Amino acid sequence: MQITVLFCAGLLNCLKAAVLLLFCMGIILAVFYLYTDLKNVIRTYRNAGYAFLILAFFLVLLACKGNVFTGYDNFSHWALAAKTMIFNNRYPSFQDTLITFQEYPLGSVSYVYYFAKIVSDSEAAQMAAQAFLMLSFVLPVFKYVRQNIAAGFVCVLLFANYIFCYNILITDLLVDTLLPLQGAAMLLFIISECIRSADSKNFRGGVCGYYAIPFLCTAVQIKNSGIYFALLACILLGISIKWDKSKKKERILTIVSPFLSLWLWHAHCSYVFADGSVTKHAMTAQNYRNVFSQKEENDIISILSGIVRFSFTGKELYYLCFFMVMGGALACFAGAAMQKKYLKFLLASAGIYFAYMVGVTFMYLFSMPGEEALNLSGIDRYRKTIFILLYYLLFVFLLELMSAVENKKKSRICMAGIYLAVVVVWRGEGGKVFPTIFDQIVEGPRRLLEEVIEESELLSCSSPQSSYLICASEDREAGYMWYLGRFLFGTDKVSARVISEKSGLEDAENYEYILILDQENEFIGQWVRDNYPEQKDSPVISTVK
Amino acid sequence: MNMMSTAGRVLLFFISNLGMWEYFRRKSKMNIFFCRLLPLACRLRCFFVQVC
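If you're matching them up, the sequences are chains A and B in order. Using the working numbering, the letters of the first sequence map in sequence onto residues 1 to 545. Using the working numbering, the letters of the second sequence map in sequence onto residues 546 to 597.
Okay, chain B solo, but in the shape it has when bound:
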């Protein structure tokens, strides 16, 4: 990422957003965020706390 120009990073940011928009456009249910992403974030946090 550090090697890339700001314009390139803005483009990547847009592409990343596009992925999100498209996901939510196709899925009418958003339970994945509450049922999967947040517990995953919690587990990641525990992992970082243990490692660091």
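Same shape as in the complex, but just chain A:
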């Protein structure tokens, strides 16, 4: 809900006012309810779900404490967008030349902004904000922890740790974990509050269907590809109309809402950016046409065959299948009803997976340009996105199973559930067992550049108009340093390259500062001795002195 409100406020250019309004409204409401109905409030929130949220958030705060962003994509978009918004108190526009992925929606970043404005604008706080958002999407699984709460609590804690180590680290602002968690929470909400309430005459509860609107809108506000999860939810809502025709108007309005949000975002982008509709990964017909026209027949065949091969192979797929088979084995203990449910779930999972891979194929053909598409860049990360959704849904099934079995079998099933969770959590990358969120401090080359900046006190003597040349030691590092330099210096007047011959420094004097990360490079050493002998021992050469 907060994301949708902030997103609308961002489009209306009143973000700061919206933050103040949301925060103050929350405080006023909390004081009012705590003052007038303290006992009821305590009774409502004294449960395993909120205990999990508080404990898990505390652990996340400890894990994030003192960390900085190190992942490449943080500097190319996500953290950069957050930094720009925190600094300017508005959504990026044509004035922010650093933002290159102009069509990426800013839903999650809006929430990071909200948290940063209230708590702290440090990078660790931004990570914590996103992690809190993810935890809040794990929270709905507690609806299915009905009996044996302690076992359920441990399972959810292990599951959250597993998911947080699975794809994107919690020290990143990328949304590849957040999006499927949001999608899964949305599907769960629609299944439990709209489908089951309409399906069963005796169902009690079922809140107003309009509550699904923020869920659906948030899916497309986090990332354009969230439309896939929104479409799944729309199909479910469409089916529910059949059972309960009295809520037809409500359901249709809900189904329309994510498309309205998407349209508003596109309208916003084409208004505030000159070329917003043709930037990389822009979700527009014009961009799709441009990208697809650049691909030759061989490229298309190569992409299609690569994706088909990838869809049926890979360690991650085998792990998920193992998890599914184990879940099925547990369902065998729980009687015919659960077995039937499991079969339905299995078919739905296969359908969701293959439909998603069709969507990914579309993305590689129509949205991903050139070499990146041919190499199927990032496909493992994209596939893990749908795997997270499937893990989530299977985990919910498992919790339901644990609550549904008869008393005599209960302890056995509970133990099996915990065992299954532990087995999955224990598998680790590269022989490492039991990865936790506390293992995630990655020593990246960021430290290398920051040491050079600190040593030369560069930030205190440079100005926003300054330009920088970063001399890296290898091509891969140069690409990273280019994005990192833009992020740290807050300017697009940054160039990063590997100096492998003398001519590489021909235009070096056009830059105000030259940062030398490749200290052993002979060409750079000679050039500095010839042109700036007084600075020959410094890692930063100032060409204006």
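Fair warning: there could be bad hints in the mix.
What the hints assert, rightly or not - What follows is a set of in silico ranges between Cβ atoms, one per label pair, in the way DEER data are often shown:
no.	chain 1	residue 1	chain 2	residue 2	range
1	A	S500	B	G553	51 to 57 Å
2	B	C587	A	L253	17 to 23 Å
3	A	S293	B	R590	39 to 45 Å
4	A	R43	B	T551	26 to 32 Å
5	B	T551	A	K249	30 to 36 Å
6	B	L585	A	A348	29 to 35 Å
7	B	V596	A	Y288	42 to 48 Å
8	B	R588	A	L62	22 to 28 Å
Stated by the list, open to error - Here are a few chain B residues that face chain A, going by a calculated C-beta distance under 10 Å:
no.	residue
9	L557
10	F559
11	N562
12	R570
13	L585
14	C587
15	L589
16	R590
17	V594
Source of the hints: derived by calculation from the structure; they are not laboratory data. Since the model is a prediction, treat every value here as computed from it, not as a measurement. Ideal Cβ placement from N, Cα and C applies to all residues, glycine included.
Put chain B on the given structure of chain A with help from the hints.
Only chain B this time, still in chain A's reference frame:
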């Protein structure tokens, strides 16, 4: 707010969220957001544009 420690601000953030959760738990209709909050945000924006 600036005088408060980070832990204190996290606590305030939680309390603010609690207020929101409790509000939505009690109200089954959320029309207030679409009928009142957004128009209010629009009016606030107009006010800021005029003043600034």
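The hints, checked one at a time:
Under the hint 51 to 57 Å, the C-beta atoms of S500(A) and G553(B), about 53 Å apart, fit the expected range. The hinted range of 17 to 23 Å is satisfied by C587(B) and L253(A), whose Cβ atoms lie roughly 20 Å apart. Roughly 41 Å separates the CB atoms of S293(A) and R590(B), a value that falls within the hinted 39 to 45 Å. The given range of 26 to 32 Å is respected by R43(A) and T551(B), whose C-beta atoms sit roughly 30 Å from each other.
Range check, T551(B) to K249(A): about 46 Å between beta-carbon atoms, so the 30 to 36 Å window is missed. Under the hint 29 to 35 Å, the C-beta atoms of L585(B) and A348(A), about 42 Å apart, miss the expected range. For the pair V596(B) and Y288(A), the supplied restraint of 42 to 48 Å holds, since their beta-carbon distance comes to about 43 Å. Checking the proposed 22 to 28 Å range against R588(B) and L62(A) shows it is violated: the Cβ atoms sit about 42 Å from each other.
With 10 Å as the threshold, the beta carbon of L557(B) comes within range of chain A, its nearest partner Cβ sitting at about 7 Å, so the hint holds. The restraint placing F559(B) at the interface with chain A holds, with a minimum CB-CB distance near 8 Å, inside the 10 Å limit. At a threshold of 10 Å, the smallest CB-CB gap from N562(B) to chain A is about 6 Å, leaving the interface hint in force. Hint status for R570(B): holds, given a least beta-carbon distance of 7 Å to chain A, under 10 Å.
Here the hint on L585(B) is kept, as its CB sits about 8 Å from the closest CB of chain A, short of 10 Å. Hint status for C587(B) relative to chain A: holds, with the closest Cβ pair at about 6 Å, below 10 Å. For the restraint placing L589(B) at the interface with chain A, the shortest Cβ-Cβ distance is roughly 5 Å, inside the 10 Å limit, so the hint holds. Of the supplied interface hints, the one on R590(B) holds, with its beta-carbon coming within about 4 Å of a beta-carbon of chain A, less than 10 Å.
Residue-level restraint check for V594(B) holds (minimum Cβ-Cβ distance to chain A is 9 Å; threshold 10 Å).
In this structure, the hints that do not hold are numbers 5, 6 and 8, in rising order.
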